[in-house]
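*Asks:* Each chain, letter by letter, is given below.
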Amino acid sequence: MNKTINPHPTKTILFLISILSLSLLLSTEISAQNEETTQNVVIPKAQVSFIFHLADKVVEGWLAFLDQLGKTFDPIIRPIFSPITKLLEQTYQPWAKICALGLFIGTMIWVWVGMPKEYVNLGRKKKTVWTDLRFWTIISMLPHIIVYLYF
Amino acid sequence: MIEYVTLHWIDMTIIGVYMVGCFALGTYTSRYIENAGDFFISGKSLPFWAIAFSIVVSDIGALDFVGVAGNAYKYGVSAANFDWLGSMPAMVFAAFIFVPYFWRSGVFTIPEFLGRRYNSAVQIINALIWTSVMLLSLMIMLWTTADDLVYTILGYKPIYTVWIMAGVTGFYTFAGGLSAVVMTDVVQLIVMYVGGLGLLALSLWEVGGWNIMRAKIEALGPEYTNHFTILLPNSTENPFPWTGIVFGLGIVLAIAYMSGNQAIVHRTLGARSEWDAKAGMLMAGFLKSFIPLMVALPGLCAIVYLHERNLVLHEQDKVIPTMIRMMLPPGLRGLMFAALFAALMSSISGTLSSASTIFVTDIFNKLWILGKKKSLDEKQALYVGRGFTLFLIISSALFAEQISRVGGIYNFIQTILSLFQGPSLAILLLGIMWKRATRWGGLAGLLLGVFFCFILWCVPNLFPAEDPFLFVSMWSFVFSIIVTVVVSLLTPPEPEEKIRGLVWGSVVQDIKAQEALSERVQS
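Protein sequences, first through last, are from chains A and B. Going by numbering that gives the first Met the number 0, the letters in the first sequence line up with residues 0 to 150, in that order. Going by numbering that gives the first Met the number 0, the letters in the second sequence line up with residues 0 to 522, in that order.
Looking at chain A on its own, in the form it has when it is part of the complex:
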């Protein structure tokens, strides 16, 4: 990091404070308008803000598009995924635990055996056991393995 002092900190701070104060005033005004709207008079949303009415319409259109998309592709997609879903539904323990623990233990083995030690620790200043990231991996993984064995 370059240790150079910002030459105009006071100007920056004053500029920011004035912008934030202006924005706070603006938003309080909007908030007050909204409260008045909900408490006293019921005004249709479109009159409150055209932009947000438009946003509502975009979301509605989006949902209609997704609905149509689902109906169109259902006959093609379902025959592919239904057998897989059925197979997965029938599979539970001990496979669930084996797969979860396998992910942790497999990752540990991959770091220890699958990767060159030089690559794992590239850039370290001191070559000590404490700075060996392979040990860090083991230490970080162990609490998780204990948790998944316990639950």
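No lab work stands behind these hints: they were computed from the structure.
Dumping the calculated DSS-like pairs for lysine-lysine here, alpha-carbon to alpha-carbon at most 30 angstroms:
{"no.": "1", "chain 1": "B", "residue 1": "43", "chain 2": "B", "residue 2": "371"}
{"no.": "2", "chain 1": "B", "residue 1": "378", "chain 2": "B", "residue 2": "365"}
{"no.": "3", "chain 1": "A", "residue 1": "116", "chain 2": "B", "residue 2": "43"}
{"no.": "4", "chain 1": "A", "residue 1": "125", "chain 2": "B", "residue 2": "43"}
{"no.": "5", "chain 1": "A", "residue 1": "126", "chain 2": "B", "residue 2": "43"}
{"no.": "6", "chain 1": "A", "residue 1": "96", "chain 2": "B", "residue 2": "73"}
{"no.": "7", "chain 1": "B", "residue 1": "497", "chain 2": "A", "residue 2": "116"}
{"no.": "8", "chain 1": "B", "residue 1": "373", "chain 2": "B", "residue 2": "43"}
{"no.": "9", "chain 1": "B", "residue 1": "73", "chain 2": "A", "residue 2": "85"}
{"no.": "10", "chain 1": "B", "residue 1": "43", "chain 2": "B", "residue 2": "365"}
{"no.": "11", "chain 1": "A", "residue 1": "96", "chain 2": "B", "residue 2": "215"}
{"no.": "12", "chain 1": "A", "residue 1": "124", "chain 2": "B", "residue 2": "43"}
{"no.": "13", "chain 1": "A", "residue 1": "116", "chain 2": "B", "residue 2": "434"}
Based on these hints, arrange chain B on the given structure of chain A.
*Replies:* Frame of chain A; chain B shown alone:
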């Protein structure tokens, strides 16, 4: 009548000292900011511990405290999967595969890396999606925390909370960039851990310890049978079936999040060495494993605590507010609120910093080059970065309420994000691991993968879960891999000099590739 919590002067003092401290520390770092490199990636000077603290605290928002505790109250320990199986293996992959490449190539953002590896179209699509998602998330994060948490518990008007939070975090992020974000994150993590572990200790004390709590919950009836089962069977009734957790979350979504999310990876790009970048990611994974203790276990304790007082909560998100109101004494209550504010502020500042980096590097600079035929210089990039940070925080605070109230917008963002993660990971992984992946393969994999996600999402009851995002991300990843491979094989390979230093094998052994990387960084 709604019963609000009244803060004692000790609580107010703790919160006040915390806020002023963060503000002062964040602003202090501005004196070290001279150019874009200092602002966006801390001049590559961050040590591993600061990176680790910052990743953890940026990843946990105030609403996670509320949401995860609520899920644990309703579904049990399976809610903790997102911080255990959904973090550590993915962070190891990120540390040893993705982070070294991003760090070595000297990029500021992930879209920039994708742009170098594939083409500008991939870079801009990726950047636009991330910037939009970050802006909307910022608004929703601000408003929902102010409304659902602070207003529900304390009765303070949400608009004031929004502006105080936006003002403090916006100011120090504007002034100090990534350095300010990381330095305040270090303090915020300590505050968050002290507050969170305080709540945990008191909760366990009140219910008589772990073993008694477990026995009491299991004795409550059949609906609590699975509360101590971390991997739940496949069923549409529970939201986290084990196949979705292991394959969708553990293998795809978590890796995509930890490796492809600018808000997470951003800190490692500012590391002072490659070792610090990797070590920071690993240490963050270790620290993250304690998060469920602070956010999920109080949810379990609440079952016993409330049951013994004949109270039943129909809304699971009321668990943390109720526990704070009923259980915490003055002092600890202030600490807990400081912890919640820390979680919110770190998420805001992290998002702000990452969004402005992406905007300047991948969108504004591209447009600037189109118009002026040259890149932004360091000073210009710094001014634009600060300007966009200011614009982001002010517009977020101004429109937070309105955007949060538009029906379906939150689900819309979450859907977009989950649709995007699988295909993004696919092209990122192939881009690094397979030198035959071409620009057209990457573009087709990204676009068709996202389209495939829409299809999977829209066909009803295709997967054994009510909310199938875990399965959608898993299958879209597989689909994008296939599309990218097929299209790449059908199109001409990329020139050797373009991909030198950006692909796995060429970097580990090839000295020329290492030199090419150094040249890229210097240029």
